[in-house]
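*Asks:* Read off the chains here:
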Amino acid sequence: MWAEVSDSVVRRAPASLMADPNERLDAAMERYARGDDGAFDELYRRGAPRLRGFLLRLSGDGALADDLVQEVFLRVHRARGHFAPGAAALPWIFAIARNVFLDHTRHPRVRRGGELREDGGIPEREAPPDTKGDEALIGNELLSIVRATLAGLPVLQREAFVLIRFEGLSVSEAAQVLGATEGAVKIRAFRAYEALRAALKQNDPKPGATR
Amino acid sequence: MSDELDLQQLGQIPDPFAVPGDAPSPPRPAPTGAGPSRPQLRRRRTIAASAALAYEVLWVVLVEHRRDLGSLPAWTIALGLVVPLAAAVLALGVVTGKGRRGLGAPVVWLAALSVLPVVLFAVATVATSPADTETARFWDLAGRCIGITALLTAGPLALGGWVFQHAFAAASVWRTAALGVGCGALAAATMSLACWHAGALHVVVGHGAMIVVGGAAGALLGRRLTRA
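As they're listed, the protein sequences go chains B and S. The numbering of the first sequence is this note's numbering, which starts it at -10 and goes up by one. The numbering of the second sequence is this note's numbering, which starts it at 700 and goes up by one.
Bound-form chain B, shown alone (with noise of 0.2 Å):
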């Protein structure tokens, strides 16, 4: 089953960011830096959409991903004048969409309530009530077992292992983002693929059919 359905998934990976370059909405966030505030809006419909995604694998929760879109745009706002002229804008984006996600699963309120576990990990959650893509193809319980076993790893194998395989960047590039060297963050995605590819082979319910 699970081979089947990753032929699919796999067409369907996004281009290297650097290959494929948004280059309106690098433009626009190059216009926002220079102080054009009407470029505001065409970035935000252009680049938020991508960074919900992001948001929402690395937090599994559909409404905490929409605020934390709204923060990473206030400290896009905030950082503009910062951004490098000639620069690629989605980069940067992730990078403070990240520390934007750090500092949320940092904060007492969400450590007290227990909303994050010790090891940064989520707890499992109903899918959003909008997330129906892949499900008609390839089955709720294949993608419940993704999500809950992503949502379980720590938060630096989760980051980097989403950034490379569904946000398509580089490591390269994920480890410019991560602040981290590329060795550590080839490490770290792997440890992530590796356990998702045991929980994926733990509930095959055809014995051989992963590799």
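Worth double-checking, as some hints may not be accurate.
To give an idea of the chain S side of the interface with chain B (calculated C-beta under 10 Å), a few residues [unchecked claim]: (1) Ile712; (2) Pro738; (3) Leu740; (4) Pro805; (5) Ala868; (6) Ser871.
Calculated from the model, a selection of chain B residues having no Cβ within reach of chain S, i.e. all distances over 12 Å [said to hold, decoys possible]: (7) Glu12; (8) Arg13; (9) Ala16; (10) His93; (11) His96; (12) Gln191.
Derived by calculation from the structure, the hints in this document are not laboratory data. Using N, Cα and C, we set each Cβ at its ideal position, and we do this for glycine too.
For chain B, the structure is supplied; the task is to place chain S on it using the hints.
*Replies:* Okay, now just chain S, sitting in the frame of chain B:
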């Protein structure tokens, strides 16, 4: 674990949140207030750099300068300035460098380039300075100079904190540490005009300690002050 991470393998994991047509909430009104644009920040940088230099120069002119400044050969003065200034320029290059993707240099480079000015200062000072003569009063003299250098570091570092507030989306700790190293090195350069003790160990400890302390202070400030 395999020795090598095969990125293709990661594609085997399905995306549990792949949502065609999924849309984020509509934006809140465009933020107003504290969000300086690039031209405003450029002005702020110019003001801060000018103020930092003025602070150092005024210290030498108004507060303290070495008694033998007028009689020293030009090359001696230049050497005392060049070594720490080179370290400061190197460190500040790390702070302002945008890297290939606008996120600064890779973290390995940041770490190496943050430490390099410290090593450069220590090695070049030992190589070019005479031996210490007043060994009996070493810690008295060094302690006094450390105090003055701390004041000379604090001013530029505060101005740097103002300029680079919320500036770094990634690796803020390393880049702010480099800012502290740069400010410490600038103070060490000023001290070469303010203090007449030119012994190698005195200069390394008395004038150079703040390069390390400034770096540590910068690293502490990084997460709260300069992270975007």
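*Asks:* Each hint should be assessed against the structure and marked as holding or not.
*Replies:* Hints and how they fare:
no.	hint	in the structure
1	Ile712	5 Å, holds
2	Pro738	6 Å, holds
3	Leu740	4 Å, holds
4	Pro805	6 Å, holds
5	Ala868	4 Å, holds
6	Ser871	8 Å, holds
7	Glu12	15 Å, holds
8	Arg13	17 Å, holds
9	Ala16	14 Å, holds
10	His93	14 Å, holds
11	His96	14 Å, holds
12	Gln191	14 Å, holds
Checked against the numbered hints listed earlier, the structure breaks none of them; every hint is satisfied.
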